[in-house]
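2 protein chains.
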Amino acid sequence: MENCDNLYHENLPNICQIVKNRSKKCCEHATCKQFLPIISWLPKYNVQFLLADFVAGLTVGLTAIPQAIAYASIAGLPTQFGLYSAFMGCFVYIVFGTCKDITVGPTAIMALMVQAHVTGSSDYAVLTCFLSGCVIFLLGIFNLGVLVRFISIPVTTGFTTAAAITIASGQVNNLFGIKSSSNEFIESWVNFFGHITETRRNDAILGIATLVLLLLMMKIKDLPLSCKMLTKYISLSRNALAVIVGIVLCYCLSHDGWLPFRASGEITKGIPPFKPPPFSTTVNGTKVTFGEMVTDLGASLASIPLISILESIAIAKAFSKGKIVDASQEMVALGLCNILSSFFSSMPITGSFTRTSINHSSGVKTPLGGAVTGALVLMALAFLTTTFSYIPKATLAAIIISAMIFMVEYERIIEIWRSKKMDVIPFSVTALVCLFWSLEYGMVCGIFVNAIFILYKSARPKILISLEKVNSVPLGLVQVQENLCYSSAEYLKSKVVKFVTTQGDNSIKMIIIKGDEITNIDSTVGLNILSLKEDLSLLECSLICWNWNYDAAGVICRLHPKERSMFKFGKSISEIVAEVAYNMTQTEIVDVPEDS
Amino acid sequence: MENCDNLYHENLPNICQIVKNRSKKCCEHATCKQFLPIISWLPKYNVQFLLADFVAGLTVGLTAIPQAIAYASIAGLPTQFGLYSAFMGCFVYIVFGTCKDITVGPTAIMALMVQAHVTGSSDYAVLTCFLSGCVIFLLGIFNLGVLVRFISIPVTTGFTTAAAITIASGQVNNLFGIKSSSNEFIESWVNFFGHITETRRNDAILGIATLVLLLLMMKIKDLPLSCKMLTKYISLSRNALAVIVGIVLCYCLSHDGWLPFRASGEITKGIPPFKPPPFSTTVNGTKVTFGEMVTDLGASLASIPLISILESIAIAKAFSKGKIVDASQEMVALGLCNILSSFFSSMPITGSFTRTSINHSSGVKTPLGGAVTGALVLMALAFLTTTFSYIPKATLAAIIISAMIFMVEYERIIEIWRSKKMDVIPFSVTALVCLFWSLEYGMVCGIFVNAIFILYKSARPKILISLEKVNSVPLGLVQVQENLCYSSAEYLKSKVVKFVTTQGDNSIKMIIIKGDEITNIDSTVGLNILSLKEDLSLLECSLICWNWNYDAAGVICRLHPKERSMFKFGKSISEIVAEVAYNMTQTEIVDVPEDS
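Chains F and L, in that order, are what the protein sequence lines are. Heads up: the first sequence runs through residues 1 to 596, numbered per my numbering. Heads up: the second sequence runs through residues 1 to 596, numbered per my numbering.
Wrong hints could be hidden among the right ones.
In this list, chains with the same sequence are indistinguishable; a pair is considered to hold if it fits within one copy or across any two.
Only pairs whose alpha carbons sit at most 25 Å apart, straight line, appear in this in silico BS3-like list of lysine-lysine [unchecked claim]: (1) Lys228 with Lys568; (2) Lys533 with Lys469; (3) Lys562 with Lys421; (4) Lys493 with Lys219; (5) Lys179 with Lys469; (6) Lys275 with Lys20; (7) Lys514 with Lys457; (8) Lys421 with Lys493; (9) Lys457 with Lys493; (10) Lys462 with Lys533.
For the record, the hints were derived by calculation from the structure and aren't laboratory data.
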């Protein structure tokens, strides 16, 4: 009772102190180690690690190259941009990354999300890479990775499912050698069925055969064969094998400039020059300023970083094996990967699930494996671009489709349905909006619909009101079982008033609100409780707040200091009833002659 | 333990049953009485009531007419539209309204909100009235008035403050006889200071004198004078008096068509024809279809109904004196007022605070008082339009400004600041966005910022983890003090893992999550708890969920039926520890040779 100063003065956090503490922490050695995880593992590096990392890096590289080329086509960019995006992330992540398995580079979803903006110029993709890198970096620095928590599993599942279906649909035309300019779900199928007569036999045969073989090779490692090691490596390098077979077929069957399949075509040779990302560009001869480019990118500058973080952190968690993932540091690393990558004309990049799992199953020991992958991509750019121009589009389509088939989380969808029917709503909203409108808005709608669940619950906290008789005074005992906030303020008020009025005229003399679970309230709740007190006094019922903590009680006391008497601390209910009943008789003695 | 079927089958509400019950309820007499409140009070009506209602209705009417004309000018509509909006609401509310004091009609905020859309044609205002009436009606029918609960008091205060400042600012030009075409906050003041030299002496003198007198008359009733009754009626009829004085001055000083003040000008005479609201219109000779009109109105079709409900329900609550306001019925009434009013070319209407308080203080007994008000407005339209064309604009400006000065809730702002500093954030966001961008977006931003408070809290529930020693087994006892939802799923997981890892290697053998306050979880929480179990098992720690209720436990059991053993019901902690420790030794006997 003595230390109730904060009933009249609000306890606020001292911002100066917080800033001081934070800045002090920045200069410590532990923080340095946290920011540069390479310091922790590099001193312990040995030859055994080097061998393991080399083999893993090589295996990942053989998948990274065909995937990079395929994702460039999803993004609608010239083929070399895929490879431009695939090396810098690998190098940067070695220094800043915390998870040994993660491989950062172009992914199908990132490619699809950037695709909408590159119609004018590839500069948009590079600028998106730079800006989303900055956003991710800042979110990481300010520890705002918690935002990702508001993307629930049903929403994530809906998003991945829709993205996989969209991406696979976009490649169906290429699989059959049909020309198509769109990567959208509906448009792709409309184009496919509209031009099905234009199917090219060679492409279709190659595409379908490759797809079937890829799926078989993926499953080969699960078969009970004797040579486990061989089947494992065949399974891991299946994408590289498909590309090599495609190139060899295309090259051998070609004559006099005629190609048997529609191929990737010319790839600009050489390592991209190191230059700052384009802060203005030219579309159809018109100059577009930085401001206009940002306006064009719009909501993508929020959704691309978010999806990027989500993909990367989800992978880090999947491969962390019980260790806590330092989400903020992962975001810092991912941000820097994007920022530096954009200086080499990259599109937005993030952790790739396929390549990360290949990395893991190839037995990588440290993030240094990424150096081998990066070097391999650079070598491909320097020496193999002519070779890659022979990659049949149907082969790439088969590689993408086979990856997407396994990206749809069928089991997860069934799990959600089985465990909680309500969660099917955010899932379906996300999936449908993603499929039929756009990926960004699907994500936003899903998050919004799911947030409504939280808000709805906040508006209907569990409130128990029981009728008690203490010292033969009938009273209502109110137990609020969750925290009160502005959305539940009126609910509490109407529930109490309804209780009092349904008990019959003036039969309830007192309402006691127990404060056990009320840790804090806002001014709306405070004002509503004051107005509840007034309403109750018209019904000749008094309101007592019993054992509220000082933070919550303070809000009301500071609103109307004279209402301090409403709060009772420490006493038992019967003591309170006796006290209030005595006060009531005192005032009644004065009032009685006038009232009745 | 026996009745745990719902661990494997989700209990879902039977929708058919709900619909049946609802539709059955619709046909009952009580529901009829609820939907037509007039049934309750009309049979008890008597002559005494009639007299009181007549006096009150007359007094309100004398304020309603000048206000209606003033608000038409705020909305940028021809003067007669103000009067068109002022009668139908009064009549409809008699039948469907639950609160005897409320007067439905045009208000300053509604006028300002519709103003942005009437630049092309007044048809937009009438269509807005009809459509927002439909929205309000439907929200009422489906009992969605709870939506208003998400508009907290700081947001409401910010909105009213900004609206009052904007409306008053828009009238400053008229007060000084300066021409102005805008009602926006900044533009009005820019126009005022840019054209201050064009101030018309006559208008400025009349305007300022009227404003001063109105403010004095408002205060006159608080003075300790002897003739209470007279001062009260002077105070109540001050707006009507100001208009009469203005008209008389303007008429007497005019000669040969020259007017001493800028006046309202021509008002179309007669009662508006009964016709359906315009579902298409013509702007500058171009036909605008219904679809295009709706697109033009955009977000207003959500914000106007919401503000309309908010104003009306807030007033109903203020005048209900402790009785519970049937918000849904109020919304049904308000929706019908708007729908029917739109058939007489009305702009959107809602409960007016000024007129409702005049109604109340004039001693109205039943909603029938509205009939007198409505009749008075109709008579004004039929016979007095020529007279009203002499109303000086400066007089109307003074009436509006004097009303707005009292609409700013200075005390409320101070209260919010004093009681809860955090609540100043939604207040300021709402007020600033309303002032400098637009009223609709201000409201939306305020609601959004305030919802972040709830969401943030949901992501960080209070979780207490204590180190206990039961049967000499060290274990962590987790108490979740609020409900778990998807946003808090990872927080719980990381908190438990951090606890286990910071306690030193393998020192914690078991984590027990108490289920006392966990009433329900979603699939994201379920999946995170399963992944927490896996992570902990890598740290050689087992996870037990103790005394969870079946709803919450069922979500996890349905995800992975074999995890059923994780849940312990009823037993004491020491029994559980003994059981789990026994199982662990059993498995360890098998595992030990391989592990160490």
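Cross-check of the supplied hints:
1. Taking identical chains as interchangeable, the C-alpha atoms of Lys228 and Lys568 are never at most 25 Å apart, the minima being 74 Å within one chain and 42 Å between chains.
2. Only within a single protomer do Lys533 and Lys469 lie at most 25 Å apart by alpha-carbon distance; the minimum there is 20 Å, versus 47 Å between protomers.
3. In this assembly of identical chains, the alpha carbons of Lys562 and Lys421 lie at most 25 Å apart only when taken from different copies (20 Å versus 50 Å within one copy).
4. When the C-alpha separation of Lys493 and Lys219 is checked against a cutoff of 25 Å, the pair qualifies neither within a copy, at 62 Å, nor between copies, at 34 Å.
5. Proximity of Lys179 to Lys469 under the C-alpha cut-off of 25 Å is found in neither arrangement, the shortest distances being 82 Å within a copy and 70 Å between copies.
6. In this assembly of identical chains, the alpha carbons of Lys275 and Lys20 never lie at most 25 Å apart, being 38 Å within a copy and 69 Å across copies at closest.
7. For the identical chains of this complex, Lys514 and Lys457 are neighbours both inside a copy (21 Å) and across copies (21 Å), given an alpha-carbon limit of 25 Å.
8. Taking the shortest Cα distances, Lys421 and Lys493 sit within 25 Å of each other only across copies (23 Å), while inside one copy they are farther apart (32 Å).
9. Taking identical chains as interchangeable, the C-alpha atoms of Lys457 and Lys493 lie at most 25 Å apart whether they share a chain (17 Å) or sit on different chains (22 Å).
10. Proximity of Lys462 to Lys533 under the C-alpha cut-off of 25 Å is restricted to the intra-copy arrangement: shortest distance 21 Å within a copy versus 29 Å between copies.
The structure is inconsistent with the numbered hints 1, 4, 5 and 6, although it conforms to all the rest.
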